[in-house]
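Trainee: Taking the hints into account, I'd like the entire structure generated from these sequences.
Chains as they are written, first to last, in this note's numbering: chain U, 846 to 1168; chain B, 5 to 314; chain D, 6 to 356.
Hints in this document: simulated from the structure, not taken from any laboratory. Where a beta carbon is used, it is the ideal one built from N, C-alpha and C, also for glycine.
Residues on chain U that point at chain D, a partial pick, calculated with CB under 7 Å: (1) T1068; (2) R1070; (3) R1086; (4) R1163.
Stretch by stretch, here's where chain U covers chain B in the computed footprint (C-beta under 8 Å, at least three residues): (5) 150 to 156; (6) 246 to 259.
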Amino acid sequence: MRRLLARRLWHLGVVVALATTLSFFLIRLAPGDPFLALLENPRVTPQQVERLRAEYGLDRPLPEQYARYVTRIARGDLGDSFTYWKPVRTLIAERLPRTMLLMGLALTVSFLLGIAIGVIQAWRAGTATDRVLGAVAMFFYSLPDFWLALVVLYVFGYKLDLFPTSMIPAFHLGPVPWWQQLAETAVRLAMPVMTLALLTAALIARYQRAAMLDVSGRDFVRTARAKGASERRVLLRHILRNALLPIVTLLGLAFPALLAGSVFIERIFSYQGVGYLTVEAIRSSDPELVASLVLLMAVLVSIGNLLADLLYAVVDPRMRARA
Amino acid sequence: MAVWLSAGLLIAAACVAVARWNAAPVPHPGPWRIALARFRAHGPAMASVYLLIALLVLTTLAPWLVSYGPTDTLIAPSEQPPTLAHPFGTDFAGRDVLSRVLYGGLVSLPVALLSVLLSATIGTAYGATSGLASERVDGVMMRLIDAILAIPRLFLLIAVLAIWGSPSVPTLILLLGTTGWFGVSRLVRAEVRALRGEEWMVAADALGASRRRMLWRHALPNVLSPVIVAATLGVGHIVLLEAALGYLGLGVQPPTPSWGNIIQDGAQSVFAVWWMFVFPGLAIVLTAISFNVAGDALRDALDPRQVGRR
Amino acid sequence: MSEPLLSVRDLRTTFPTPAGPARAVDGVSFDIAPRETVGLVGESGCGKSVTSLSILRLIQPPGRIETGSRIAFEGQELLSLDERRMRAIRGARIAMIFQEPMAALNPVFTVGDQIAEVARVHTDASRREAWSRAVEMMRLTGISDPGERARQYPHELSGGMRQRVMIAMALMMNPPLLIADEPTTALDVTIQAQILELLRELQQRVGMSILLITHDLGVIAETASRVLVMYAGEIVEEAAVRRLFDAPHHPYTEGLLAAVPRLGEARERLAVIPGTVPPATDWPTGCRFRDRCPYAWDRCAAEHPPLYRIGEGQWSRCHLAEEPERREPQSGSRGAGVLGSGSGDPATLSN
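Mentor: Following this line, the structure appears as structure tokens:
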């Protein structure tokens, strides 16, 4: 277990180094002066651009610039955003918890939903139920996330008017009891969570069904039947427990997909998280912010992978012994 | 344009050939023939193939199908809902949305197909090199892939496009192609590694066959099926990705239409001009579903473990 | 002979394939008496395992047991039981152990859990009662320190230990019948002998019947009292163990015996039966063994042989029963040509 952890932490280090290098070159090697575009922003003064140039040491040789940049990142200084007029670090610290809340809820819902659908499909494999669920999963799997978000917003937010279409006040409710805050938050998060969960559940269901069918052909399933275990027991205890093992690794796959989806979902549902910030950063070509967000995403995905690996080691007794 | 026109018709013709090919039973069918027969027996997959043929033909023949160019402005009142003259309505500049969706396909489809072709080529080359290299080189090459894969592709593209500015269509293809080959290279590498351990490979090595020759003659045919499957599913994915970039304003730049940026054109008042997002959206969804269904069916058809089952 | 414990009549199990139905088991009949050990031998693909799975009705769709087949167990017709009552028999009245214990055990549960599950399924024993019975069964099967072992996972045990776990699981409910499908094939030789010894000992202690399925005649010689020889979905010979080794009748049995190496017998090379079992979708007409048989003549192609009675308790599906003079080896007979007569003392068999 310790060796696994050490290896994954080393891997995380490599990813951070790579992403840092990448974001440096993104800014430094951009065609033309990377900060010239900033001058189009009326709130940016030429003096600030000058200061930024000096900070990056644009007059220095490239290796030195790189060394400076790395040192700066290592100190935790991600630079300043000119759109928000704030240090990038503060911005991220403010927005990240919201995105994590959305991610956590969407992950939970999508895994529960996806596993349930996959189990039903495998249980009824080859029947009309299986085919219909498979087709539905395939449909959602092939939808552009922003498009589904717009449809959900239109249908549930406007036509049926079930949910509030604005997220912003959820965090500015003022002095109301905690349960009311919780209820408000839940209602406001319902649509974005639903959208993200539907998209990811489709992916998970496809894997879960395949894993279940794979396991159901194994010898120990026959042993369980030979013991006199009921089909229900065989399915939910013997097959499902084994089929959940590969699904754990899906966490590493679903997480980046959800993060990417959050860009559109947060924007469309006006949810002020990291994804929303990304769209704003693009709109206003805020180089420091964009580069930092890429770095952040790489770190988040690596941590997600690390957690998935550790979880796998915990749930699989064979890995537990080896690690 | 003319190049794409002929390429599009060629691909459509190839698809028709697959669909119409008369499977005369032969005494000892080879693996490709078996795979083709199984693919053709898959109803939804064949429906997808026909749908793709229709989409390819419609978009390639767009110049003859619609009387308005995609960039002709003020041909009708702006933001007009669908009418007989303009079945998909018009956009804010009074352009015909039907024309823009068809011509958009003429951009979105080649972008997707060409960038997948590029990724498949790079991925196969990298994976095969890694697979045939020594343990240490292989290890380094694969760790590098692991690290790059940690950065979500969408964010990588967003960063590059947002900072480096709006791309031309060839640049976009290049960017999409060079960021999509990591998965393929892993597949190919695994396949080559597995083949290397097999006795006939060891024997070929002992007989002094050159590495390159081994790669071309023996390994490549074996790794082809997973690459074909991955590429087919990859097109479905790229269509969605390109649309997403277009929606963010980072993909194909207006006034050239692409399925993503047409939706972006209507995004400001999306519920008032529903036709601006329903029609290009349907085009995207249908394309993505078709490629995904066909990819799934190809995987089942090409999987040798399934021979003889059912 | 007393009332049989298990009575299989005209069992037919088929699997649909693109090339037509595969008749894996095609009209098999036999009895097993209480406390008796019956061996079922044959090459892989001859239908041994399908026979045993059919008895427990564990054939997975689209495979099916054809109507007209009958399996009577303790006076009950198993094929007409509903699924719930059939489940009450599986694991409790008829238990089964499998060839590859590593694959047959669930990797994510402790072995104690898996043994205890039998009691949980068939009785209303509490978790703790079931567990202590599982530990007790493990002790009975010769697992040292069973309390500790029960908490381990299958991958943490040795091959022989895993098979002991399977046996403990099978014997949890004291079943009158144990089906052992190649129980020693995956184990190395010294462990094989230990497991066979254990089975014999336990059989005497609890008084159960065993249907022992194997391709290894040595295992049969050590364990069984009566043997069924299966070929191409049919039983081709049935005899008491001693009789089968001393005077095999069916040419297939002869071939199997000739393929067994024995101590104290100098041989240039071991005989093999030429050819392979034909595919189950396409059994030959007439005698199914005739393509591989050194004695085959025109009658064998024309007429499907019935089971001829050869002597006391011995039956053979071969026309040689009516035309014994044809057994003389013909010059230029096909095959390896070293098919032995099969005589010899079974006690000298090695395996």
